[in-house]
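Chains G and X, in that order, give the protein sequences. Using my numbering, you'd call the opening residue of the first sequence number 1 and step up by one each time. Using my numbering, you'd call the opening residue of the second sequence number 1 and step up by one each time.
Note that these hints are calculated values from the structure, not bench results. Check before you lean on any hint, since a few could be wrong.
To be verified - Capping the alpha-carbon separation at 25 Å, the derived lysine to aspartate or glutamate pairs in DMTMM-like fashion look like this:
1) G:18 - G:250
2) X:18 - X:249
3) X:18 - X:178
4) G:119 - X:166
5) G:18 - X:169
6) X:18 - X:250
7) G:119 - G:138
8) X:119 - G:130
9) G:18 - X:178
10) G:119 - X:249
11) X:18 - X:36
12) X:18 - G:131
13) G:119 - X:130
14) X:119 - G:138
15) X:119 - G:166
16) X:199 - X:169
17) X:29 - X:105
18) X:18 - G:130
19) G:119 - X:138
20) X:83 - G:138
21) G:119 - X:131
22) X:119 - G:131
23) G:83 - X:56
24) X:119 - X:105
25) X:119 - G:250
For clarity, every value in this text was computed on a predicted model and none was experimentally measured.
So the chains spell out like this:
2 protein chains.
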Amino acid sequence: MNIRQIRNATLVIDYGGKRFLTDPWFGPKGDFPGFDGTPNSHLRNPTVDLPVPIDELLGVDAVILTHVHPDHWDDHAARALPKDIPFFVQHAGDREIIRAAGFTDVRVLTGNPVFDGVKIIKTPGQHGSDECVTAIYDLLGEVCGLVLRHPSEPTLYLAGDTVFNDYVEANLRSFSPDVIVLNCCDAQVTGLGSIIMNKEDVREVYRLAPHARIVASHMEAVNHATLTRAALRGFLTEHGMTDRVLVPEDGETCVL
Amino acid sequence: MNIRQIRNATLVIDYGGKRFLTDPWFGPKGDFPGFDGTPNSHLRNPTVDLPVPIDELLGVDAVILTHVHPDHWDDHAARALPKDIPFFVQHAGDREIIRAAGFTDVRVLTGNPVFDGVKIIKTPGQHGSDECVTAIYDLLGEVCGLVLRHPSEPTLYLAGDTVFNDYVEANLRSFSPDVIVLNCCDAQVTGLGSIIMNKEDVREVYRLAPHARIVASHMEAVNHATLTRAALRGFLTEHGMTDRVLVPEDGETCVL
Chain G
1 MNIRQIRNAT LVIDYGGKRF LTDPWFGPKG DFPGFDGTPN SHLRNPTVDL
51 PVPIDELLGV DAVILTHVHP DHWDDHAARA LPKDIPFFVQ HAGDREIIRA
101 AGFTDVRVLT GNPVFDGVKI IKTPGQHGSD ECVTAIYDLL GEVCGLVLRH
151 PSEPTLYLAG DTVFNDYVEA NLRSFSPDVI VLNCCDAQVT GLGSIIMNKE
201 DVREVYRLAP HARIVASHME AVNHATLTRA ALRGFLTEHG MTDRVLVPED
251 GETCVL
Chain X
1 MNIRQIRNAT LVIDYGGKRF LTDPWFGPKG DFPGFDGTPN SHLRNPTVDL
51 PVPIDELLGV DAVILTHVHP DHWDDHAARA LPKDIPFFVQ HAGDREIIRA
101 AGFTDVRVLT GNPVFDGVKI IKTPGQHGSD ECVTAIYDLL GEVCGLVLRH
151 PSEPTLYLAG DTVFNDYVEA NLRSFSPDVI VLNCCDAQVT GLGSIIMNKE
201 DVREVYRLAP HARIVASHME AVNHATLTRA ALRGFLTEHG MTDRVLVPED
251 GETCVL
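The task is simple: from the sequences and hints, build the whole structure.
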């Protein structure tokens, strides 16, 4: 399995002989304003450019979208991707959105479909603490994570845009993943705390999955991120976690 | 805690000093045709009448709806219930449906809200096997279960319209419920198997939750049910499970 960190949650994953593109956010640096009510909202998003030309991201077998937030999916991606590509989404609501963008082969992850031998399991997550999501549900909405399984591959778990919580702990127990991708830039909403994982959440996952390798993703691309790669690396060193946690730069491939 | 079995998944639950009504399906016997493509589709639904006058079901503090299938929610309930009652639903899509029916205080379970001291946790489930849900997602859709918690109460888990699967197993581990409500009439879709729990699923839950009491619900009310209360009771006796599994009749209250 290879996981290439592109930018934010956009990954190219080679798994079970297939190539998957996750959460395609293709806009240029500064494409839209920072999110209101979040740290550093004066910064525009994305805060960095894509590390590769968009053309390099189009030769994939399928797209998987964990949710439709604007840092995971945008018009630039909608325009660039082939309209007949198999496109997996979390539920009927997102299917409607992707179909409306012109895609003709949109499949729902509920039911844990198999794509050319790769089993794609939908996993629960939550885009903030209970207090946070209850307070601003209309902004945070529904999200999912993924588990990929194939007879010739280690098990891969992408937690998606979730904080560490009972759902994540249950997924770790249920699927015993060998490789785990965590979205962990500690993006925050002012007054409501983290809406994806922070460094302590990474430590919890590290502790609960003592044999898994962890890939830190969704770093240094959005205005409301509060944890840099450098700060995370410092934390990993401080806590003796560098043996199993990778922090790839944008454009870097993790061979796993 | 008291759980009164009304009919199908309609329950009145006294918990933490509050009274909850779940999945209010109020139509009279024979209100609509049997489900196409299911066993005994010549029978009309519901197959039995409500055991109590509708008026007896209206004095509750809140409604919780696990999903909007027509054997869980109907126009009769929409007309009868007070429009300002706190009404909990699984996600924004169902919120739209309930708001369109005139309800003014519709709350989403995502974020695991607290209602007057009762924590309501949304739990994942799946309305059939992977093969079944992948094949007929547009019919089966999204569902949820619930966990109720209160400092002075045992933990209650309502699995909802789900088969036994990794999600249910994870919920049992995460929440260690003391009381579990299972929808277990083994409703089936022809050629695609069970879409809620069957007797073997009940046995799996019994085995995995060795200290919990289990209430069998969603029995003998829909055309596609294939497991009767009598058959379930026979199975429980055969397998030595009568000590912890209750099979209430419609109208009967379980004091737990």
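Here's how the hints hold up against the structure:
1. G:18 - G:250: Since the Cα atoms of residue 18 of chain G and residue 250 of chain G sit roughly 21 Å apart, the hinted pair holds (cutoff 25 Å).
2. X:18 - X:249: This hinted pair holds, its Cα atoms lying about 23 Å apart.
3. X:18 - X:178: Status holds; Cα separation ~18 Å.
4. G:119 - X:166: Roughly 14 Å between the alpha carbons, so the hint for residue 119 of chain G and residue 166 of chain X holds.
5. G:18 - X:169: Violated, at about 30 Å.
6. X:18 - X:250: OK: residue 18 of chain X and residue 250 of chain X at ~21 Å, within 25 Å.
7. G:119 - G:138: Violated - the C-alpha atoms of residue 138 of chain G and residue 119 of chain G are around 31 Å apart, more than 25 Å.
8. X:119 - G:130: 10 Å, holds
9. G:18 - X:178: 44 Å, violated
10. G:119 - X:249: Given that 25 Å is the threshold and the Cα spacing comes to 41 Å, the pair is violated.
11. X:18 - X:36: 38 Å, violated
12. X:18 - G:131: At roughly 21 Å apart (the allowed maximum being 25 Å), residue 131 of chain G and residue 18 of chain X satisfy the hint.
13. G:119 - X:130: 10 Å, holds
14. X:119 - G:138: 20 Å, holds
15. X:119 - G:166: 14 Å, holds
16. X:199 - X:169: Roughly 16 Å separates the two Cα atoms, so the pair holds.
17. X:29 - X:105: 29 Å, violated
18. X:18 - G:130: Between residue 18 of chain X and residue 130 of chain G the Cα gap is close to 21 Å, so the pair holds against 25 Å.
19. G:119 - X:138: Answer holds: residue 119 of chain G to residue 138 of chain X is near 20 Å, not above 25 Å.
20. X:83 - G:138: 22 Å, holds
21. G:119 - X:131: Status holds; Cα separation ~12 Å.
22. X:119 - G:131: Roughly 12 Å between the alpha carbons, so the hint for residue 119 of chain X and residue 131 of chain G holds.
23. G:83 - X:56: Distance of about 54 Å is beyond 25 Å: violated.
24. X:119 - X:105: 18 Å, holds
25. X:119 - G:250: Between residue 119 of chain X and residue 250 of chain G the Cα gap is close to 41 Å, so the pair fails against 25 Å, i.e. violated.
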